[in-house]
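Number of protein chains: 2
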Amino acid sequence: MQPSRQALTPCLAFVRPIHTPVKIRMPQISHQNLQTLLKQVKWNDAGLVAAIAQDHQSQEILMLAWMNDASLQLTIETGHAVYWSRSRQKLWHKGESSGHQQVIHDIRLDCDGDAILLQVEQVGSIACHTGRRSCFYRTLGDKGWEENAPVIKDPNDIYHLPSKD
Amino acid sequence: MQPSRQALTPCLAFVRPIHTPVKIRMPQISHQNLQTLLKQVKWNDAGLVAAIAQDHQSQEILMLAWMNDASLQLTIETGHAVYWSRSRQKLWHKGESSGHQQVIHDIRLDCDGDAILLQVEQVGSIACHTGRRSCFYRTLGDKGWEENAPVIKDPNDIYHLPSKD
Chain G
50 MQPSRQALTP CLAFVRPIHT PVKIRMPQIS HQNLQTLLKQ VKWNDAGLVA
100 AIAQDHQSQE ILMLAWMNDA SLQLTIETGH AVYWSRSRQK LWHKGESSGH
150 QQVIHDIRLD CDGDAILLQV EQVGSIACHT GRRSCFYRTL GDKGWEENAP
200 VIKDPNDIYH LPSKD
Chain Z
50 MQPSRQALTP CLAFVRPIHT PVKIRMPQIS HQNLQTLLKQ VKWNDAGLVA
100 AIAQDHQSQE ILMLAWMNDA SLQLTIETGH AVYWSRSRQK LWHKGESSGH
150 QQVIHDIRLD CDGDAILLQV EQVGSIACHT GRRSCFYRTL GDKGWEENAP
200 VIKDPNDIYH LPSKD
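One line per chain: the protein sequences are G and Z, in this order.
When the letters of the first sequence are read in order and numbered with this note's numbering, they come out as residues 50 to 214.
When the letters of the second sequence are read in order and numbered with this note's numbering, they come out as residues 50 to 214.
The reader is advised that the hints may include incorrect statements.
Identical chains share a label here; the pair holds if one copy fits it or two copies do between them.
Computed list of lysine-lysine pairs in DSS-like fashion (alpha-carbon distance at most 30 Å, straight line) [unchecked claim]:
#1 K91 to K139
#2 K88 to K192
#3 K88 to K139
#4 K139 to K202
#5 K202 to K192
#6 K88 to K202
#7 K91 to K192
#8 K192 to K139
#9 K202 to K91
No wet-lab data here; the hints were simulated from the structure.
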């Protein structure tokens, strides 16, 4: 006999899958203040700003992506990083395919207003679509760009791609 | 009687002004490898890539600027950060006016090849033209963007601007 949902609920409260992010309290911003802060961002001709994602604990730089006003608003409202995919020309909730979401701890704006810094908790410890921790996995060496970090998880497994065999 | 320069030299070897950067050994790259690595960067339609400057020790993000191929080449060759100023449309040797140069410790390229990460020693501990440590001195709070860092040095003193009086 299956236990009722009601009976299960108290037990489930203690069961949280590994890597499930804790949502951080985001600033409680009024509609008017939200519109003001969005206007203070200096969007480029395509309506975008560069957004750096940095691990909030290790301070490692994970990636650089782009945001439009809708993605910044969603990031603020959901507490998870939402970017604008320039290649797909659509909103990109980071981790929507991979599960590797980024939980926002802090959002900063630079002096010129044209760059944003997200301090995040990287779910799954993988930010890069290549399966590496950081997108900045190439370092300049004597012979040019040299890889500096291993693939943690095969992208085929991350994105559940069919085998090439 | 003034000591001769020859006599002074051994003593001066131990006198180094505060904040004078030590030049780090940069990769020794052949002309051919340099041309190859520059081609591996994915320059945008304006011939630029975003470049993040990060303190090589504290891992603090100092600023985001832009580079063209000439500025990246100069950065590699000189060991100091050279950007492309979009507002002035010219090469910008960081610190040329302020003295706040950035000594390169490491140069990284991201997975897409369209973002660069410089790990630097920030001369004078000030990266921002406002006189703050980092350009990312505004943090999102309940009322919008709130300043999170003090001005270390008055920009008028940094850039030797005439008094407004």
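Checked hints:
1. In this assembly of identical chains, K91 and K139 lie within 30 Å of each other by CA distance both inside one copy and across copies; the values are 20 Å within and 21 Å between.
2. In this assembly of identical chains, K88 and K192 lie within 30 Å of each other by CA distance solely across copies; the values are 14 Å between and 45 Å within a copy.
3. In this homomeric assembly, K88 and K139 come within 30 Å of each other (Cα to Cα) both inside a single copy, at 21 Å, and across copies, at 28 Å.
4. In this assembly of identical chains, the alpha carbons of K139 and K202 lie at most 30 Å apart only when taken from the same copy (26 Å versus 42 Å across copies).
5. Taking the closest pair of Cα atoms, K202 and K192 come within 30 Å of each other only inside a single copy of the chain (27 Å); across copies the shortest separation is 41 Å, beyond that limit.
6. In the homo-oligomer, the alpha carbons of K88 and K202 lie at most 30 Å apart only across protomers (28 Å), although the nearest pairing inside one protomer, at 39 Å, exceeds that limit.
7. Taking CA atoms no more than 30 Å apart as the test, K91 paired with K192 passes between copies only; the shortest distance there is 18 Å, against 38 Å inside one copy.
8. When the C-alpha separation of K192 and K139 is checked against a cutoff of 30 Å, the pair qualifies only between copies, where the shortest distance is 29 Å, while the shortest distance within a copy is 37 Å.
9. With identical chains, the CA atoms of K202 and K91 are at most 30 Å apart between copies only, with a shortest distance of 25 Å across copies and 37 Å within one.
Consistency with the previously given hints is maintained throughout, with no hint failing.
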